[in-house]
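Starting from the known structure of chain D, arrange chain V on it as the hints suggest.
Those sequence lines, one after another, are chains D and V.
By my numbering, the letter at position 96 of the first sequence is numbered 96, and the numbering carries on one by one without gaps.
By my numbering, the letter at position 11 of the second sequence is numbered 11, and the numbering carries on one by one without gaps.
Restricting the straight-line Cα-Cα distance to at most 27 Å, the calculated cross-link-like pairs of lysine-lysine (DSSO-like) are: (1) D:Lys80 <-> V:Lys71; (2) V:Lys5 <-> V:Lys71; (3) V:Lys5 <-> D:Lys80; (4) D:Lys80 <-> D:Lys37; (5) V:Lys56 <-> V:Lys112.
Quick list of simulated restraints, FRET-style, between CB atoms: (6) D:Ala97 <-> V:Asp43: 14 to 22 Å; (7) V:Thr100 <-> D:Val100: 37 to 45 Å; (8) V:Gln139 <-> D:Arg11: 54 to 62 Å; (9) D:Ser104 <-> V:Arg21: 51 to 59 Å; (10) V:Leu143 <-> D:Glu50: 46 to 54 Å; (11) D:Thr86 <-> V:Asp26: 29 to 37 Å; (12) V:Leu31 <-> D:Ala97: 30 to 38 Å; (13) V:Asp26 <-> D:Gly112: 56 to 64 Å; (14) V:Asp26 <-> D:Ala33: 46 to 54 Å; (15) D:Arg11 <-> V:Ala60: 44 to 52 Å; (16) V:His86 <-> D:Arg6: 54 to 62 Å.
Not the full set, but computed from the structure, chain V residues with beta-carbon under 7 Å of chain D: (17) Val40; (18) His41; (19) Gly42; (20) Asp43; (21) Tyr44; (22) Gly45.
No lab work stands behind these hints, which were simulated from the structure alone.
Computed from a prediction, not measured in an experiment: that's the story for all the values here.
We put the beta carbon where it would ideally sit given N, CA and C, even for glycine.
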Amino acid sequence: AAAFERRVLRRAAEHHYLRVRLELPDGGARPNAAQFKQLVVTALRELHGEVGASLPVDVLTYEEKTLSAILRVISSGLVKLWSALTLLGFYQNRRCAFRVLQTSPFLLALSGNSRELVL
Amino acid sequence: MVRFKNRYVLCEVVSEDPRCRQCIEDRALGLAVRDAITRVHGDYGLACCSISFTVKYLNAYTGTVLLRCRKDSYRLLCSALPFVRHLESRAQRYPCFLNTLHVGGTIRTCQKFLIQYNRTQLLRLLQTCTNEEEKQCIQTSLLSCSLTEEQSQSGDEEEDDGTE
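Just chain D, same shape as in the assembly (with noise of 0.2 Å):
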């Protein structure tokens, strides 16, 4: 019979990804891929700071009609990243907040959502 082994590793993905929605309740100019990306940076940077700013953050895909993105992060940034969406509060002197739909260290998982999953 063969041996069974099990094998466990923790914080072995070097990236995460995050799923998140901008919720701009006024309808006003929505923000393209660009400005989307400074306004996470900036949130970073109100946060963190300098050291917060230069965390390598990538926009992966965003669309503008529905505003919602997916982010890659290095890991050790998650806290940081997570923590700048959930304190941001203007876009431009407009409210604005940022909601996290999924978040997991492999991209193929948030393909799939059981959240909306329609039965």
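For chain V alone, coordinates are given in the frame of chain D:
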């Protein structure tokens, strides 16, 4: 045993401008350091480091500064010190920088280090001084600090390198 542990960061203010000496005050320095922390680490860093942050000791003649902060955030403080580039007071701003000399857990260890450091600095000054009277001054200072405790009261271990 649960108690609040602090870290004491010993630095010296180095400036090319001799008028910067009179500008070294505890409030101006505290504001400059806090401003640097805000720029480098943001609101979170400022709040973390400000919990127990004070300027404990300041010597304007030698430019020695002793800062206190919590043990959990002393790394944030130390990493922000190179970003202090001017000191402002009374609407004057002078360029300067902070050299970190020692990080200790108590004021006493920092004081012991400072005494040792000042002794070596006096020796280096002796080698680089130019005219005779400076040499005499430094030699008397060195002799007065190297005397051991034969004479108990007068031999205080603190440095008095009042004139440079």
